[in-house]
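Visitor: What follows is each chain in one-letter form.
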Amino acid sequence: MFELLGIPPQVLLGQLLLGLINGSFYAVLSLGLAVIFGLLNIINFAHGALYMMGAFVAWMLLNYLGIGYWWALILAPLITGAFGILLERTMLSRLYHLDHLYGLLLTFGLALIIQGLFRNYYGISGLPYRIPDLLSGGNNLGFMFLPNYRAWVVVASAAICFGTWFMIEKTRLGAYLRAATENPVLVGAFGINVPLLIMLTYGFGVALAGFAGVLAAPIYSVNPNMGADLIIVVFAVVVIGGMGSIMGAILTGYMLGLVEGLTRVFYPEGSAVVIFVIMAIVLLIKPEGLFGRAA
Amino acid sequence: MRDPASSRPMLKVEDLNGWYGESHVLHGVTFDVNEGEVVTLLGRNGAGKTSTLLGIMGILPRRAGSVVFDGTETVDMQPRHIARLGIAICPEERGIFSSLSVEENLMLPPRIREGGLSVERIYDLFPNLAERRRSQGTKLSGGEQQMLAIARILRTGSRFLLLDEPTEGLAPVIVQQIGHTIGALKDEGFTIVLVEQNFRFAASVADRHYVVDQGRVIDMIPNSDLDANIDKLHAYLGV
Chain A
1127 MFELLGIPPQ VLLGQLLLGL INGSFYAVLS LGLAVIFGLL NIINFAHGAL YMMGAFVAWM
1187 LLNYLGIGYW WALILAPLIT GAFGILLERT MLSRLYHLDH LYGLLLTFGL ALIIQGLFRN
1247 YYGISGLPYR IPDLLSGGNN LGFMFLPNYR AWVVVASAAI CFGTWFMIEK TRLGAYLRAA
1307 TENPVLVGAF GINVPLLIML TYGFGVALAG FAGVLAAPIY SVNPNMGADL IIVVFAVVVI
1367 GGMGSIMGAI LTGYMLGLVE GLTRVFYPEG SAVVIFVIMA IVLLIKPEGL FGRAA
Chain B
36 MRDPASSRPM LKVEDLNGWY GESHVLHGVT FDVNEGEVVT LLGRNGAGKT STLLGIMGIL
96 PRRAGSVVFD GTETVDMQPR HIARLGIAIC PEERGIFSSL SVEENLMLPP RIREGGLSVE
156 RIYDLFPNLA ERRRSQGTKL SGGEQQMLAI ARILRTGSRF LLLDEPTEGL APVIVQQIGH
216 TIGALKDEGF TIVLVEQNFR FAASVADRHY VVDQGRVIDM IPNSDLDANI DKLHAYLGV
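Protein chains in written order, with the numbering used here: chain A, 1127 to 1421; chain B, 36 to 274.
The set of hints was computed from the structure by calculation and includes no laboratory data.
All values reported here derive from a predicted model rather than from experimental measurement.
Possibly wrong hints are sitting among the right ones.
The calculated lysine to any residue pairs, modelled on SDA-like cross-linking and capped at a C-alpha distance of 25 Å, are [to be verified]:
#, chain 1, residue 1, chain 2, residue 2
1, A, K1296, B, Y158
2, A, K1296, B, T173
3, A, K1296, B, A165
4, A, K1296, B, R167
5, A, K1296, B, E138
6, B, K174, A, M1369
Here are the simulated distance ranges between beta carbons [stated by the list, open to error]:
#, chain 1, residue 1, chain 2, residue 2, range
7, A, Y1247, B, E108, 52 to 58 Å
8, B, G177, A, R1215, 38 to 44 Å
9, A, A1285, B, G218, 50 to 56 Å
10, B, R168, A, H1226, 34 to 40 Å
In this text, a Cβ means the ideal position worked out from N, Cα and C, and glycines have one as well.
Based on the provided sequences and hints, a complete structural model is requested.
Guide: In structure tokens, the structure reads:
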């Protein structure tokens, strides 16, 4: 068995897999943030809380209604997405003409309220969510052990990212969305219902967060703080990738997950901060982000 | 070909006032446009020509007065509902979307009603657009972008077009081509309101000219009487 710089390959590949899984969550979440920011001009600080909500909805569906993982994978994003639409209609839609800061403050407040409510009712110790039977166990690949559920997370998030990219970049609905991101007034003057498009886009971005939450439920315990911890990293990912690009948000998410994994192998002390160090460097050298368009 | 002087008013604007925030830009614009006519709005920079078009389209943030299109009062309507009545705008800055390909730009405005030009017909009229259909919209030359901005509203089936300075900054040969296009549209019975700085161009395509100054329409000159009124017009425009 070969060794690289004294690192056994099992450790290296194990950390790379972990990085890929974290990267899957970064990608799905930063994708949602980028889509929302593009059209709504709102930095959705509630994204982490909505991700947490997705996980909790899956837990509730199972424990209160006996609805299992596979249905939750569809229903929880729909429920969180509908909740997002409610937020958009009642609150966010009043802020579009104001500075980014107002949207950020409102969604930050909403995140605190949502997290506080869940903490109040469910505590902070975390609730277990079982891996569905179909995906329990794993395979020995010879060089490493691959748990089936982790493989599924990577595949499912890649499929969702690709599907979203395809919808935005290659379909007619996506063309409306891109055009409305550039010039909503003109798109409205062509007879397209831009407020409806905005509402659905926010609902969709939130549903992505909810989907990520369901994927996360069996891996991380279902915990009211799970989103608060993650969202800070995801914001750094979005800053590094740049706000302008869908593909940029996806690729940066995966890339930084892997970088984090590698750091955990070669310099474990730095793994918690490596993303923020990269963010600082990118901000110094290319402030609009790796894939962003200059403002 | 229809009678250009058909007296059925397609659009009646009466005492239209408009504001951008605190700034009062239209001070009681009154004019009308008959079906099948090409009418220009002439005037100095800042006279309120573009604001008048935006006022008709409902894009101006605040409006008062009356804008009746085809029998429907539109002054309290949203732009997207006004568009659905059959009005289409080609804005001054052209409004080509950089994140859309040429073809996506062309297909963006939804069909409002039957009778719009087919994509094949549009590509016949503007072969450059066909050639570059996969390019990014804003990679086209200025003239091609202007063609695209006009072409995409012809697809919608709207028969009433607002064209804001379609010749601005373009080479004479392109200006001529746009003139031919407008003439062809007129022959097909389109009704057009044209904002123009290029007075000679305006004279070559229009039936009537409205002179706009300080947010009002101050005069109307039929194209046939243009020569007799040329000194007056020069005074208005300050040429």
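Visitor: State for each hint whether it applies.
Guide: Results of checking the hints against the structure:
With a C-alpha separation of about 21 Å, the suggested pairing of K1296(A) with Y158(B) holds against the 25 Å cut-off. Straight-line distance between C-alpha atoms of K1296(A) and T173(B) comes to about 18 Å, which keeps the hinted pair within the 25 Å bound. The suggested pairing of K1296(A) with A165(B) holds, with an alpha-carbon distance near 19 Å, which does not exceed 25 Å. With a C-alpha separation of about 17 Å, the suggested pair K1296(A) and R167(B) falls inside the 25 Å cut-off, and the hint holds.
Among the hinted pairs, K1296(A) with E138(B) is consistent with the structure: their alpha-carbon atoms are about 12 Å apart, no more than 25 Å. A threshold of 25 Å between alpha carbons decides the hint, and for K174(B) with M1369(A) the separation of about 22 Å falls inside it, so the pair holds. Between Y1247(A) and E108(B) the beta carbon distance is about 53 Å. The supplied range of 52 to 58 Å therefore holds. Between G177(B) and R1215(A) the beta carbons are some 41 Å apart, a value that agrees with the proposed interval 38 to 44 Å.
Hint check: A1285(A) to G218(B), Cβ distance near 53 Å, so the stated range 50 to 56 Å holds. Between R168(B) and H1226(A), the C-beta spacing of about 36 Å keeps the proposed range 34 to 40 Å intact.
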